[in-house]
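Novice: Quick mapping for you: the protein sequence lines, in order, are chains A and B. Just so it is clear: in the first sequence, position 314 is 314 by the numbering used here, and no numbers are missing. Take the position in the second sequence, starting the count at 1, then add 1000; the result is the number in the numbering used here.
Heads up, some of the hints might be wrong.
Unchecked claim - If you want the ones that stay clear, here's a sample from chain A, every Cβ over 10 angstroms from chain B, calculated:
| hint | residue |
| --- | --- |
| 1 | E81 |
| 2 | A122 |
| 3 | E136 |
| 4 | A139 |
| 5 | A140 |
| 6 | T145 |
| 7 | R151 |
| 8 | I152 |
| 9 | A157 |
| 10 | A268 |
| 11 | Y309 |
| 12 | V316 |
| 13 | Y330 |
To be verified - Residues from chain B shown here face chain A by an in silico Cβ test under 8 angstroms; the list is partial:
| hint | residue |
| --- | --- |
| 14 | L1010 |
| 15 | D1015 |
| 16 | T1033 |
| 17 | G1037 |
| 18 | R1072 |
| 19 | Q1074 |
| 20 | L1076 |
| 21 | V1129 |
| 22 | T1130 |
| 23 | D1297 |
Hints were generated in silico from the structure; no laboratory data involved. None of the values given here were measured: they were computed from a predicted structure. Where a beta carbon is used, it is the ideal one built from N, C-alpha and C, also for glycine.
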Amino acid sequence: MVVLLAAVVIGGLVWLVRRNRGGVRTGRARTGDAGPGFPDRPLGGKRVPPALMPGGRIDVRGLTKEYGGVRAVDDLSFTVEPGRVTGFLGPNGAGKTTTLRMLLGLVEPTAGTATIGGVRYADLDQPIRRVGAILEAGAAHPYRTGRSHLRILCQSAGLPLARADEVLELAGLGAAGNRLFRGYSFGMRQRLGVAAALLGDPQVLILDEPANGLDPEGIRWMRDLLRTVALQGRTILVSSHLLGEMEQLADDLVIIAAGRLTAQGPVASVIGSLPYLGRTLVRSPGLEKLAAVLGGDAVVTPDGDGGAYITGADAVAIGDAALRAGVAIYQLVTERPDLEAAFLELTAGKAAIR
Amino acid sequence: MRGLLDSAALDQAGDTGTTLVRLIRAEFMKIRTTDTGWFFLIGFIAFTALALTINGFSIHYQLYPQRGSGDRAQALAQAAQARTPAGVAAISASMMTSGQRIGVIFALLLGVLIITSEFANQTAAVTFVTVPGRATVIRAKLAAAACCGALFWLVGTVIAAVATPLFLYSQHVGISLAGWTVVRPVLLSLLAFVAWGVFGLGLGAVLRSQIASLFAALAVYAGSFGAILVFTMLYNLFHQGWMLGAPVIAPAIASEVMTTSGPAFPQAPPAWAGGLILTGYVVALAAAGLVVTKRRDVI
């Protein structure tokens, strides 16, 4: 009798645990589903001056986290301004997630401070009304519906439960609200995460790899959403290792590698400050004459196809030189160093695994 | 400030209770909105029905000994004893708490799941971002686990309270459920259910891993009975009298000692000692769960 009962209990538990895990796997298998149709610009964005959004500045000072002798985050300092999208970039293992978790009070810093509007997250009054966060790709219980998941968060935070339906619509999940989370595609899970982050209509959004696993349509939706809320004067801090995405999305960049700050500033200035300069492709019948007129700083490297790459002189200088030399120019193309190159340059040699 | 959606809902009031009350309600929503809680409830009802049936049969054979089954004279004497008022009260108490000694495992495991499913499904981060006061979240979960334990007890007791009079009537013995002999074990059983629910939650908060916590909980419960074996062996070696009562230090034995009318085993300490020891474990685990959750990083 006892043995039989024990067998039933243990068998039942194994089934429950495996079933819950299976749910996640099923969902992952459906990655790439477009999901229901989503509006491209879900929000009627109107610019609100940052002055109307007090307390939206994120301030990280000397933030450090040590795990058993390894410094995951090492004396990190940066600020994130309201009304702008700030991209938080770094290779995998650079300490991005740890930094965001310290900012949200989930991980206790070894040293330093991380504040939002001058206040630690844990000390915020009604934090969900001030800060929205996406972590863990919108994680939820596989056997709970999206709507229930959001209603529980409303209940926990003291928000009216009806707000759950509003953000479901906002995230384009209205039709899927009563479906179990395990049946959501990866894109739908991310949208549920966005919906949860928007519950309190917060002035600060902190998103950990929100575009990860999204299809192109989902990425565009996310980009439009973040642009719109930034225009409203909100603070957006979004981590990513999708460099091209950040180049299109972010106003400012904070780049870290091996837990340390590598670069910070507006996108253009971060790229412009690089030692890696652009090169210019030139096609001309008089390349030798051109090289002679350009002078010492310019380096001309034939591309083996009748043209040459010139570094050390920009398109204006090359054009002027060609005029002086009386040489015809058939093609003049400036190859700008892109964010990808900047990123690799800045984080080179700082291995992800330490 | 302009609302993100010109939200009509955000202008309405939410739950205006204190944070703890709000969070306890949220915990009940969590349990209600997945099927795990319902599986446990249905399982518990089925288990209680099974236990009542088995218990009923065994009492029936005690009241009406079968011919040719062992010492007939002794069996008849026992049957006569069972029909005295004291005997009927004992039978009633046994029926009213049918299966509840093992049934507390349902409260124990649900307590474990209330906390560990947050970590297994990675919802802990969302929960603690929504409410940064982690200690308050754990207090709400402790309260929810205690309430779930009480709910299991209530369901089991209501089923038993319907079945027991019918059974006694069918066996042609008097029906008396109001006496202290019956009410006492029923109330102590409530204590046990609440205690094991909280025990499970504390254990899960400390261990975090769902599978490890579930099996640790089962191992603690089942392993407790090994304590009797161990201390009996020790007694045989060292002949110290206290060793026979010592198994009460194991949580499940303490629970058994608390809920059993009369000694749970020879030389068992009094019921209050069992209750005290079980309470000690529960308080210690709940406190450990609170401290650990407050201090440990959520990663």
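Novice: Could you work out which of the previously given hints the structure breaks and list their numbers from low to high?
Specialist: Checked against the structure, the hints that fail are numbers 2, 3, 4, 5, 6, 7, 8, 9, 17, 18, 19 and 20, while the rest are satisfied.
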